[in-house]
Amino acid sequence: MAVRPASTDQALPSCSLSCEALVIDVPGRADGQPLSFSIEPGSRWGILGPNGAGKSTLLHTLAGLRAPRHGRLRLDGQPLTDWRRRAVAQRLGVVFQERHDEFPASVLETALIGRHPFLRAWQNESEDDVQRALGALEHLDIAHLAHRPLATLSGGERQRVSLATVLTQAPQIWLVDEPTNHLDLHHQVATMALLDEQASQGAAVVMCLHDLNLAARWCDHLLLLYPDGAACWGPRDDMLVTSALERLYDQPLSVAEVDGAAVFMPRVASSLNSPRPTKEVSHDAHVPYDAVPHDTDSEER
Amino acid sequence: MLPVNAADSSATFRPTRRGRPLGLLALLGVVSVVLAVSVGSVALSPMELWLTLTGQGSSLHQTLVWELRLPRALAAFGTGALLALAGALMQVLLRNPLADPYVLGLSGGASVAALCAMLAGLGAALVSASAFAGALVSILVVFGLAHGSGSWSPARLLLTGVVMASGWGAIITFLLAVSPVEELPGMLYWLMGDMAYARSPWPVLVIAALSALVLVPLGRTLNVLARGGQQALALGVAVRPLEWGLYLAASLATATAVTTAGSVGFVGLMVPHMLRLRLGADQRLILPASLLAGGCLLTLADTLARTLIAPQQLPVGVITALIGVPSFLYLLHRSHGKG
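Residue numbers (UniProt numbering), protein chains in the order written: chain A, 1 to 301; chain B, 1 to 339.
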């Protein structure tokens with residue numbers, strides 16, 4: 001039963017998502033620690049954990065796509081299970097890690113499915129919907145690919161199409177599984193900036209991340225998910241404790257300060273870390289001409 | 001939340017243009033039915049056909065058109081339409097562009113029941129009735145087994161259906177092996193699909209019209225489902241009820257088609273596929289286009305089947321494959337050349 005009438009109003013008020021004693025259902029694993037927290041509008045949550053800790057499972061559970069083992073979720077105070085899926089989809093968008101492109105489709109058609117929750121079954125996309133989708137493609141630097149078939153895209157371009165689909169959906173809650181998957185450095189930063197912009201406009205953003213430094217730079221809350229189901233969560237600065245992170249990944253870390261912020265690097269075994277053979281690199285045959293550093297400062301002066 | 005600053009050059013873009021291809025296919029449908037009615041042992045000129053249709057032709061022509069050729073042409077059109085639609089639906093349901101209406105074993109159940117009825121010496125009406133009953137049994141068994149325990153996925157449905165299909169295949173082989181020789185040609189024609197078994201065009205036409213009314217408006221939802229169950233659920237589609245609805249609709253369409261004409265192959269697999277190569281994958285276009293193109297293909301194929309080596313008739317399934325395979329391979333080759 002719908003808790004509230006399905007609205008076609010585009011500018012929906014902010015939404016919050018909270019979980020009460022939530023235990024996610026990871027097959028073959030004993031009950032983990034119950035999770036209780038509230039994701040408020042404007043917050044940026046990062047979920048960190050090693051492979052197989054259940055990050056994606058948690059994200060899908062938060063989206064209501066799979067049932068929790070115990071506990072429950074509330075969207076705007078109402079139990080998530082009481083909401084109609086269409087009403088949920090008008091408020092909450094998911095960027096998946098895996099995607100199914102068995103059937104051919106263009107980039108623009110793919111972005112346009114983000115408007116599905118706002119259209120009646122028999123309705124076609126309006127000019128406004130198309131403009132929204134094109135705007136989203138533009139925002140992710142893929143407007144020039146609008147009419148290309150998905151099958152011809154690179155991994156990073158396909159990832160940006162997925163982000164553009166949710167941007168077209170324009171939800172109040174973003175659940176993003178590894179937003180920077182396949183992306184080059186520039187587009188990693190652009191994508192994190194996009195999510196940041198959404199949050200600053202009142203959306204709540206939850207993302208699974210593998211990169212500690214992206215989490216440290218772009219999240220204000222972190223949830224650490226351990227392989228045995230233990231978890232801890234809280235404001236970023238309370239969670240970025242080197243010893244806790246080392247235990248999380250079972251990996252020694254080195255911490256440095258770059259541009260005034262902590263940067264985490266995996267510490268590698270000493271045999272790999274031994275000093276490199278000393279060799280002049282500046283005129284090495286492997287270094288392309290353009291990469292030879294120029295003394296530009298002096299030229300400018 | 002969203003910057004709306006898209007390029008003006010795309011302002012006239014519409015998601016899919018549907019009018020023209022559908023209009024062309026509808027026209028082709030009319031042409032194929034007119035051709036089917038005119039061609040045969042007694043050929044009708046356009047003038048004679050016009051006179052007959054307006055109730056003025058000779059009584060031979062009247063009988064030929066109204067009692068023999070038109071019902072058979074319409075039955076062929078409806079059967080082809082249903083098979084192509086069922087194929088398109090199964091492909092979305094199983095997220096597999098290579099699925100066809102028979103992949104889940106439905107035609108096997110219908111065939112076993114129809115062959116048993118033939119062995120028992122029952123008349124054509126009872127053969128059709130038992131084919132329908134056999135199809136229903138197969139639908140329910142696959143549904144029950146795949147639905148049985150909690151976890152469900154298209155892959156599980158596919159596996160259940162494919163295993164059922166091979167089970168039916170073994171029984172069909174057994175029935176053919178133990179049948180008296182004089183029964184074999186009739187049985188083989190039924191297994192290949194033959195419009196001579198069609199007795200009334202109404203069941204297929206009514207079911208085709210109803211499916212079109214119910215399913216074509218679901219096109220956009222099916223587009224989303226084709227992106228995967230989780231993605232569809234995340235975009236507000238009630239995935240589970242929709243998938244079972246699709247399974248039942250595709251099965252009912254196939255069962256009606258099989259009951260009318262035996263298990264005509266190829267149409268359900270190739271028509272949606274060929275259309276996607278030409279028109280893209282938008283289900284709002286592919287579903288109605290499949291209905292029309294499937295109808296055209298089977299009407300034309302049946303016309304050839306009864307005229308190629310007249311007065312002998314061929315099973316129409318042979319013709320659909322003989323026309324379809326080369327044209328499909330041509331389209332596939334051309335689309336590779338482009339991309």
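I should point out that these hints are in silico values taken from the structure, not numbers from a laboratory.
Note that CB positions come from ideal geometry on N, CA and C, so glycine has one too.
Just so you know, not all the hints are guaranteed correct.
Pairwise CB distance ranges, derived in the manner of DEER restraints [what the hints assert, rightly or not]:
| no. | chain 1 | residue 1 | chain 2 | residue 2 | range |
| --- | --- | --- | --- | --- | --- |
| 1 | B | 19 | A | 185 | 43 to 51 Å |
| 2 | A | 246 | B | 217 | 25 to 33 Å |
| 3 | B | 167 | A | 72 | 42 to 50 Å |
| 4 | A | 72 | B | 238 | 52 to 60 Å |
| 5 | B | 42 | A | 127 | 53 to 61 Å |
| 6 | A | 242 | B | 332 | 44 to 52 Å |
| 7 | A | 182 | B | 179 | 15 to 23 Å |
| 8 | B | 332 | A | 144 | 44 to 52 Å |
| 9 | A | 102 | B | 217 | 20 to 28 Å |
| 10 | A | 185 | B | 214 | 47 to 55 Å |
| 11 | A | 220 | B | 162 | 48 to 56 Å |
| 12 | B | 217 | A | 13 | 49 to 57 Å |
| 13 | B | 173 | A | 50 | 34 to 42 Å |
| 14 | A | 41 | B | 209 | 28 to 36 Å |
Which of the numbered hints are not met once you compare them with the structure shown? Numbers 2, 4, 6, 7, 8, 12, 13, 14 - these are the hints that the structure violates, sorted from lowest upward.
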